[in-house]
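Visitor: Residue numbers (my numbering), protein chains in the order written: chain A, 1 to 321; chain B, 322 to 511.
You can trust all of the hints, since none of them are fake.
Dumping the calculated BS3-like pairs for lysine-lysine here, alpha-carbon to alpha-carbon at most 27 Å:
no., chain 1, residue 1, chain 2, residue 2
1, B, K371, B, K341
2, A, K136, B, K420
3, B, K477, B, K341
4, B, K424, A, K136
5, B, K438, B, K341
6, B, K371, A, K136
7, A, K151, A, K164
8, B, K356, B, K371
9, B, K356, B, K467
In short, the hints are calculated from the structure, not lab data.
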Amino acid sequence: MEHNSSQPYAPPPEGHVSHSRLERVLRSGRFAITAELNPPDSADPADVFDAAQPLGEVADAINATDASGANCHMSSIGISALLTRAGYSPVYQISCRDRNRIAIQGDVLGAAAMGVSNVLCLTGDGTGAGDQPGAKPVFDFDSISLLRTIKTMRDEGRFLSGRKITKPPHLFLGAAENPCIPPYDWRPQRLAKKIEAGAEFIQTNYIYDIPLFERFMERVRDLGLDQKVYILAGVGPLASARAARWMRSNVPGIQIPDSLIERMERAEKPGQEGKKICVELIQKIRDIAGVSGVHVMAYRKEHLVSEIIQDSGVLATRKRR
Amino acid sequence: MYRIRLFAIRHSRSFEWIYKRVEQVMVALDPLLNKIGYDRVERPIAVVEKGVKSLLFDCQMCGQCVLSSTGMSCPMNCPKQLRNGPCGGVRPGEFCEVKPEMKCVWALAWDGASRMKHGDQIASVLPPVERNLQGSSSWLRVSREKAAQLRAAREKRRTAIAEAFPDARRNEPSTAPLAEEPERAQTGEK
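Build out the structure end to end from the sequences listed, making use of the hints.
Guide: As structure tokens, then:
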């Protein structure tokens with residue numbers, strides 16, 4: 001079981017850095033599944049529990065996004081705290097866009113005290129991408145200095161100021177990677193830097209371009225990085241050809257090949273086709289050496305996540321390659 | 322100026338060399354700067370540094386220059402001011418997510434670093450910017466620290482002697498002194 005706010009502060013199991021189920025699954029060599037929760041524009045906890053329910057059936061951990069795309073929703077720390085109360089294992093996403101180092105380090109302790117055991121360190125989309133483009137961008141940290149900071153808090157029991165933390169947080173540290181966008185040649189090097197800074201697992205952005213991802217993974221294996229970090233490839237069902245085009249031009253960092261969009265265009269039932277494509281992507285990704293799991297981001301299609309995972313057959317094998 | 326900045330990155334290796342020389346000169350000037358007082362030279366040197374570096378690199382005077390580790394591409398020009406590599410939003414053709422008319426500062430940085438002698442420094446993890454140093458001279462900060470390190474290294478050699486002869490140190494401190502000698506005492510009266 002994950003430890004939660006009602007349980008006392010306890011050391012993590014032998015060979016682990018946290019009480020995270022995701023960490024246990026990955027270290028035991030099983031194929032891991034994480035899923036992203038669509039954050040509500042509401043103050044009702046029931047909305048979080050309703051959104052989590054279909055994900056919890058298959059996911060080892062549920063990601064609570066931190067105003068992704070610079071759009072305001074319920075906070076990731078709030079969602080994470082609610083999820084731990086309900087017995088789910090959240091991945092608390094931290095973006096550097098909205099808070100400075102004082103706020104972030106405090107929130108990390110707060111989240112850990114609420115039973116959070118996974119964090120995902122992100123740079124964050126620019127404020128201009130969102131619904132309130134006039135907001136002040138903070139970016140006091142970047143994702144990599146944030147990783148190193150939380151690692152220092154956990155392993156050395158110190159804030160960045162050097163001040164001692166009497167009971168350090170037990171956290172499994174994650175970072176994002178985006179293999180399918182430029183500068184392609186430097187993406188594996190950047191991954192190496194994230195590992196050096198403290199990343200223990202990676203969740204990638206949407207992978208729709210398998211050849212590009214394979215090229216990235218080949219380089220990752222050449223550098224031996226797949227031996228140092230668990231990589232979960234990001235996938236998600238496309239809703240329609242129009243939505244895919246919109247995503248490609250409006251959401252930062254998403255690459256969708258024309259061939260996929262054309263396939264969506266030709267489909268009689270685009271929703272079904274999008275799901276089918278997602279299942280196929282998972283099956284292809286599973287066979288790529290060095291991949292430890294998938295991260296499903298089914299925006300407004302949470303109800304499909306369980307089916308997609310079942311259809312892909314990854315649960316049956318549950319082996320790491 | 323964007324075009325001069327691109328020029329500097331294209332010639333990153335030359336600028337790396339020039340930078341190294343500037344640093345050596347500044348370190349050599351340490352005794353003089355010490356005599357005048359670092360606080361007193363801070364303003365004028367910061368003004369010169371700002372002039373030179375804003376022309377060449379679009380410098381924003383963060384006070385913590387990292388050009389040698391970023392392919393001579395100043396990361397303060399990244400709209401997110403990232404210090405450790407590109408974000409995940411880079412557009413096709415390596416253009417910036419936030420300012421689509423500009424090339425990604427970090428794509429340029431890696432390009433610049435690939436031509437530099439110590440370009441592999443780009444792999445080291447950099448800390449966040451200390452905002453309270455904004456506007457101060459990075460050149461002075463670096464050279465002053467280097468000079469202090471050299472002094473500390475000299476001091477360490479002396480300490481080693483004192484530690485090797487503990488009795489002498491205790492009974493006859495002048496045979497194994499610890500305090501740093503004034504320049505004139507070292508060279509002797511001429």
